[in-house]
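Here the protein sequences come in this chain order: A and B.
Each residue of the first sequence is one higher than the one before, starting from 1 at the first, in this note's numbering.
Each residue of the second sequence is one higher than the one before, starting from 1001 at the first, in this note's numbering.
Hints are supplied without guarantee of correctness; some may be wrong.
[To be verified] Taking lysine-lysine and the BS3-like style, the derived pairs with C-alpha atoms no more than 30 Å apart in a straight line are:
#, chain 1, residue 1, chain 2, residue 2
1, B, Lys1029, A, Lys263
2, B, Lys1258, B, Lys1033
3, A, Lys297, B, Lys1122
4, B, Lys1122, A, Lys255
5, B, Lys1200, A, Lys172
6, A, Lys319, B, Lys1146
7, B, Lys1064, B, Lys1197
For the record, the hints were derived by calculation from the structure and aren't laboratory data.
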Amino acid sequence: MSSNAYQQFFEAQKAMFEEWRNYMKTAYARDLSAAQASAPDPADFYKKIVDAPQDFWKKAEESYKSYQAVFELWKKLAESEKGLDSDAATQIYDEWSKRHFALIRDNLTPNLPGQFKEFTEKFLENMESSSTLMSDYFKSWAASGESLQEAFYGALAKGPKGYPDFMSAWQKNYDETFGRMVNAPTFGKDMEFWKQQKTSFDKFIKYNIAVNKFYSSIMDIAQDATKKALEDYAEMLAKGTQHKSFEEFYKYWSKLVSDAYQKVLLSDEMSSLAGNMVNEMSKFKIEYDKLCEIYLKYIPVPKKSEMEELYRTVYELKKELRDLKEELHK
Amino acid sequence: MMKNTAKHHESNAERAFKIFESAMDGAFKFQEKMLKSVDVFAKVDMSEINKTPKDLVMQIDKMKLYHYKSTVKNPNPIPVLIVYALMNKQYIMDIQQDKSFVKKLLDSGMDLYIIDWGRPGKEDRYLTTEDYILGYLGKAIDFILKTRNLPQINLLGKCQGGTFCAIYSSMYPEKIKNLVTVAAPFDFDIADGLLFKWGKHIDVDLLVEAHDGLLPGDFLSNTFIMLSPYNLSIGKYISIVNNFDDPKALGEFLRMEKWIFDAPDQAGENYRTWMKDLWQENKLMKGKFVLGGKKIDLKKITMPLLNVYGTKDNLIPASASIPLIDLVGSKDKENVSYPIGHAGIVASTLSQKEIAPKIASWIKDHSKG
């Protein structure tokens, strides 16, 4: 495959663009987003041609979405002719914020251990808009407790920032209602199975609460940093010292976000949230694995508990063999 | 929000057109890069990784001991054994020829051995810290001493490998001529390390049990990403797209990317001890860490010590490495710092120009007599 052919193809397109640019100089500028939406994505073109070494390309493509989201943000700022009043800034921020959650979800979730990806992705889909989640799933339940109701309306007003409080209130309500049912004793000939199924479900709920608290706190970091970037930009705009290019703005914004992450992730609160998420993940997996073993009871495959015994025996035999060899060579 | 008071000479439409025009220019430049990168990508040489010639000289279970081929006529008479961490692969020290720490040390006259710990499977879940330090490391040292007919060797440990080397050196100081530790943690009770803070909140027993005694490498990779989530999961991929037509930059990026995500699973029993005794209870610093039935006293490290660390290391911050110097019994000891991060300390231009030459000359000077 010769790159010259591509080069020629590219030169032809470039020439067409020059023609078009000359025409456009006399015409009205169009909306960039619309043009981008209809244009072919170079990433798709590239993917058809070559497989990247490792799973690298997907990451680059996902990251490019983040870059584009920040570009849209900057574009709106750069286009604001009359400065930034609070309504305009809120609108710009809200539009960016909607895209940001998807970016966090798409870029961080793939790093979770394989078995957790699917669980987490499904739950996070529900959290994409906290207000939708609450309206669709929990609104009716909110009436059952005053504190939950308070947290529910608080979270609606505060957005992601209010979400951890709501989840805490929700968990309290769950523990006092469904949680008690789930953890009630079982009976009958399949009691072991039902008990394990309910325990797994309970741990699943708690794991998801922990994941949501952690993720919503992470969302807060970039959102607060972006609000700060908007405020700074408004001041720069007033002084005429705003960033002259998108590259400058991106550099400034990404440093602001990275510094904010660094500061918040080091806090005791975030350390505790992260630790809690890992612990709840472990508890859920342990109970879920036990449930799987029950499901596999009558299927002729070796089970985890049986393999563990085997591994220990192999480990001890290998050690014994090494020691005996050493004795023989003395 | 403040109102804009600056004068505007351009209409909204003019400004929008300029932005659009510049975006289209950018898009074309980007597309050009992508076209060029078809060839560039296909020609990236991943075989540069771990390329410096070496011979396999010993193997126990999955642990392999390699001896590098000397590149000078008369190498230093006392060989150096390099011990890397269990969490990532040792080939970061030989990531590509022009940044190979190993090659630089060889060219500086060192006679080098290196341990490859292998990749634990479920059958290795019961391997303990004692197995790693006294079993594999100890036996590799004994093998070198015996086959080379030497009373002592030099030890060079990176990260967790440095902690392992220090523990071993305190137990068998008579076998170690000099000790070099690079970006290695000793004080685990520090305020400026994210992993150190998060590690305190994790129930390690639960974590090991949940993963059937073998902690997934993916879990560790993800934890490392959380050290700087925006840069490591998004920002760096945006930056590299700008270098898609640069074979050198793209090659370096892809080799490093391969290493970062090449994290072996961790044997649960060793991980349990490492996290609980060291990260959570800081027993090594407190003189309460026990291995093979013996309490580890770092004061028994009496050989010359060179402790190297990076001031930009966010994985093992300098504050975790520096205290070693006050814990050892050595009279000849030195702390050396460089403005570099955790990987860069052994795989960067700075490590080629300053760090490896410093270590090589220190070892040479301390190998006499």
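Do the hints match the structure? See the list:
no. : hint                    : verdict
1   : B:Lys1029 <-> A:Lys263  : 36 Å, violated
2   : B:Lys1258 <-> B:Lys1033 : 23 Å, holds
3   : A:Lys297 <-> B:Lys1122  : 21 Å, holds
4   : B:Lys1122 <-> A:Lys255  : 42 Å, violated
5   : B:Lys1200 <-> A:Lys172  : 25 Å, holds
6   : A:Lys319 <-> B:Lys1146  : 22 Å, holds
7   : B:Lys1064 <-> B:Lys1197 : 34 Å, violated
Taken one by one, the earlier hints fail for this structure at numbers 1, 4, 7, listed in ascending order.
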